[in-house]
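Based on the hints, put chain B in the right spot on chain A.
Number of protein chains: 2
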Amino acid sequence: MQEVNVAIVGFGTVGTGVARILLTKKKELAERCGLMLNLTHVVDIDIKRKRGLALPRGILTTDIEAVYRDESVPVVVETVGGTTTADRIFKKLLRSGKNVVTANKALLATKGEPLFRLAAKKNLSIGFEASVCGGIPIIGALKEGFIANDILSFMGIVNGTCNYVLTKMMDENIPYKAALKEAQQMGYAEKQPALDVNGTDSAHKLAILARLAFGRYFDFSAVHTEGIDGIDFQDLVYARELGYAVKLLAIGKNHPSALELRVQPTLIPLSHPLASVDGVFNAISLEADYAGHCMLYGKGAGERPTASAIVADLVDVVSGRTLISLKRMKAFTGEARKARMRGIDDIESCYYLRFSVLDKPGVLGRISTVLGRHGISILSVIQKELRRKGPVPVVIMTHLATERNVRAALKTIDKFRVAKASTVCLRVEMRGESL
Amino acid sequence: MQEVNVAIVGFGTVGTGVARILLTKKKELAERCGLMLNLTHVVDIDIKRKRGLALPRGILTTDIEAVYRDESVPVVVETVGGTTTADRIFKKLLRSGKNVVTANKALLATKGEPLFRLAAKKNLSIGFEASVCGGIPIIGALKEGFIANDILSFMGIVNGTCNYVLTKMMDENIPYKAALKEAQQMGYAEKQPALDVNGTDSAHKLAILARLAFGRYFDFSAVHTEGIDGIDFQDLVYARELGYAVKLLAIGKNHPSALELRVQPTLIPLSHPLASVDGVFNAISLEADYAGHCMLYGKGAGERPTASAIVADLVDVVSGRTLISLKRMKAFTGEARKARMRGIDDIESCYYLRFSVLDKPGVLGRISTVLGRHGISILSVIQKELRRKGPVPVVIMTHLATERNVRAALKTIDKFRVAKASTVCLRVEMRGESL
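These protein sequence lines map, in sequence, to chains A and B.
In terms of the numbering used here, the first sequence opens at residue 1 and continues consecutively.
In terms of the numbering used here, the second sequence opens at residue 1001 and continues consecutively.
The shape of chain A in the complex, shown without the other chains:
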């Protein structure tokens, strides 16, 4: 049986999970795939901290140079994280002739191009199934399963922290801050959760998915990104009343003339399969010309799901399967056509608008007049008899409109003397069963 030495660089949560599989499932894996994966190096700056996993003597080291030098190691798992040290290590690994398997979505999304170029030049593989929703084999599906399809569009819940917070807010009737705190206590959100809650992590994953799905190259900065940190609990309640769930969606649409890529809190009908994806679960829903509507659902993060994806990549990289697929992934090396991007002002969507206005006669009429003047037609209205002083909420759902027109209309309406706060504006994906 073929024996293959494997090194892990970065002994954090994910690195520990990978080591755990390689050590405890060695024989099973060998039986399943005809490869004996030998864990030979685990590198970390900190080799004192307990990880709850006993490594064989002599494996754990701070000496990364030993990995670069060791010619008996053809493949390295990079779980360092971040985009500076990891980038340096990644390049040095490739230059040393190592295939690399990674979960580092930030690195691939923002600095992936030179890495894939370098790998191609050296005939090496990069495995990155773990970079997007570890427990969901979406990268493999896009690289192989859907190869015959034009992917028309996709929408994903790709950040478990945000989805947990939104689910908690809704289930327990609590505001954003309280839900985030609970997520932190449960270990589902980090102490510094900015990259999750401001949408950046979702945007990284969106960029990777979009390159694979649409086969075109673009700069990461072209992804329009909003988070859940501005979400108000009452909008979740109104949305539910209207028959919608609010989810942080990573949306990719392949228009004939341009790509539309954006991360935004979005209303989707409760009948859409994504609407019932709750808690830390992730899911990606896509529309393909031949396969039709498809959804993949599972755990996106955590030690075990991420390690599962990394070990699958190890097997594919070592057996040569990854290299065969990589040759067609020009979208990462800039050889593909550069995509024209649709700017956020040009997107078309339905809208959820919540106005905060004084309850004076004629207000609703004035609002709808302005909307109408900008070509925005109203689908439904919620205005409740609140019998209170101060501003009252007026919720309007619109038919399809362009972002530019909606923003222009809101600019006018928010200047009304009766308008007491900026209008809340969320996008709505109307279609239920499919995209």
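Treat the hints with care, since some could be wrong.
[Said to hold, decoys possible] Facing chain B, according to a computed beta carbon distance under 10 Å, are these residues of chain A, among others:
| hint | residue |
| --- | --- |
| 1 | A66 |
| 2 | Y68 |
| 3 | D289 |
| 4 | R304 |
[What the hints assert, rightly or not] Listed below are the simulated DSBU-like cross-link pairs for lysine-lysine, each with C-alpha atoms no more than 35 Å apart in a straight line:
| hint | chain 1 | residue 1 | chain 2 | residue 2 |
| --- | --- | --- | --- | --- |
| 5 | B | K1191 | B | K1048 |
| 6 | B | K1025 | A | K121 |
| 7 | B | K1027 | A | K327 |
| 8 | B | K1327 | A | K26 |
| 9 | B | K1338 | B | K1327 |
| 10 | B | K1091 | B | K1048 |
| 11 | A | K50 | A | K92 |
| 12 | A | K327 | B | K1121 |
| 13 | A | K25 | B | K1122 |
| 14 | A | K384 | A | K327 |
| 15 | A | K91 | A | K327 |
| 16 | A | K111 | A | K25 |
| 17 | B | K1327 | A | K91 |
| 18 | A | K122 | B | K1411 |
| 19 | A | K121 | B | K1327 |
| 20 | A | K26 | B | K1121 |
| 21 | A | K327 | B | K1025 |
| 22 | A | K27 | B | K1327 |
| 23 | B | K1384 | B | K1181 |
| 24 | A | K111 | B | K1025 |
| 25 | B | K1111 | A | K25 |
| 26 | A | K191 | A | K48 |
| 27 | B | K1025 | A | K25 |
| 28 | B | K1177 | B | K1122 |
| 29 | A | K121 | B | K1384 |
| 30 | B | K1360 | B | K1338 |
| 31 | A | K191 | A | K177 |
| 32 | B | K1027 | A | K111 |
| 33 | A | K360 | A | K338 |
| 34 | B | K1191 | A | K122 |
| 35 | B | K1025 | A | K338 |
| 36 | A | K121 | B | K1027 |
It should be emphasised that the hints constitute simulated quantities derived from the structure, not laboratory data.
From a predicted model like this one, the values you see are computed outputs, not experimental measurements.
Note that CB positions come from ideal geometry on N, CA and C, so glycine has one too.
Structure of chain B alone, referenced to chain A:
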């Protein structure tokens, strides 16, 4: 660029879809995967019928021998269907040195072993992603994406006809026969729908999934199979009232001592992601030790989703990726350990029981006494004041019990003089969010 000749044997719905992709997407596919797939032969007995697709001159033929003989064709798509002619053709293709891509679940489930053996002997590939839920890349996920995992169990809605019929019954308050008729009118059910509605088609897919998921060999006859043809509309209504949906599930469980494989109409909680898989959609929900709970959802059948899977297989077979994976799929060649199977009497499940009894004092007491004597404890009861003569329904949900005990109890109860019909007995999978 590598050019590869492809033949299609069987010019029915699926064959037409494959030809359509190969003809209309030739350039796109070549760009995506570096392979130019040339359709050189389309073989069928009937070359007169219109398929709504214009083939290039000289491709359509009744002469299958030309395919066996043509050494320039390394891969053939078999879409003949059935298990006799298809089996003969399949073997002859392999003996002629052709790799084969198929959607034929019946053939692989019941007579797959000699085919995989023969392919292995001749170093040829068999691609069968299209054999289970065409639009869902589940075969690839089990062969590759979840390779690091022990699959603990899975449950699938794998027959679109049955799911459409059950959904229609529920949505439109109509009995089984009316829903089936509607499915036939819509083209979702065949004129001879027996293999679909009696569960056989689901059992074929279950057998293929179970071999891949559990890596063990077993005879197809060991799969316990029930269909939806005995389903009574009122049981769907009671189930809904209790918070459950009724789905025809293909269930595979990997117990330490034995495999449990069965196809049965089953109650699942409305909170389970499978419960909202409606109409012709399919889904497979699985529980893996590292990836956790995962679900893949999409279209299971039809020209376009099935063709999508076949073309993905063509690319993988030709590029050599399939052969790499096939080497580890011993479960199909009988080299794997033969599985011990759990007989249906030994399964453990929760139960939905609907008794038809005369509304006399003490009846419920007598029923629960018999259940208790067989170690079956009651979770909930629905007994409505019906104020009518003749038998009334009493619905009981039980805690976990063995099938043997339930059957013994029902044998006694059904002999009560107040019992006016055989008790309806359906299995219940209790867990919501995950298996």
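Hints broken by the structure, by number, lowest first? 1, 2, 14, 18, 27, 28, 29, 30, 33 and 34
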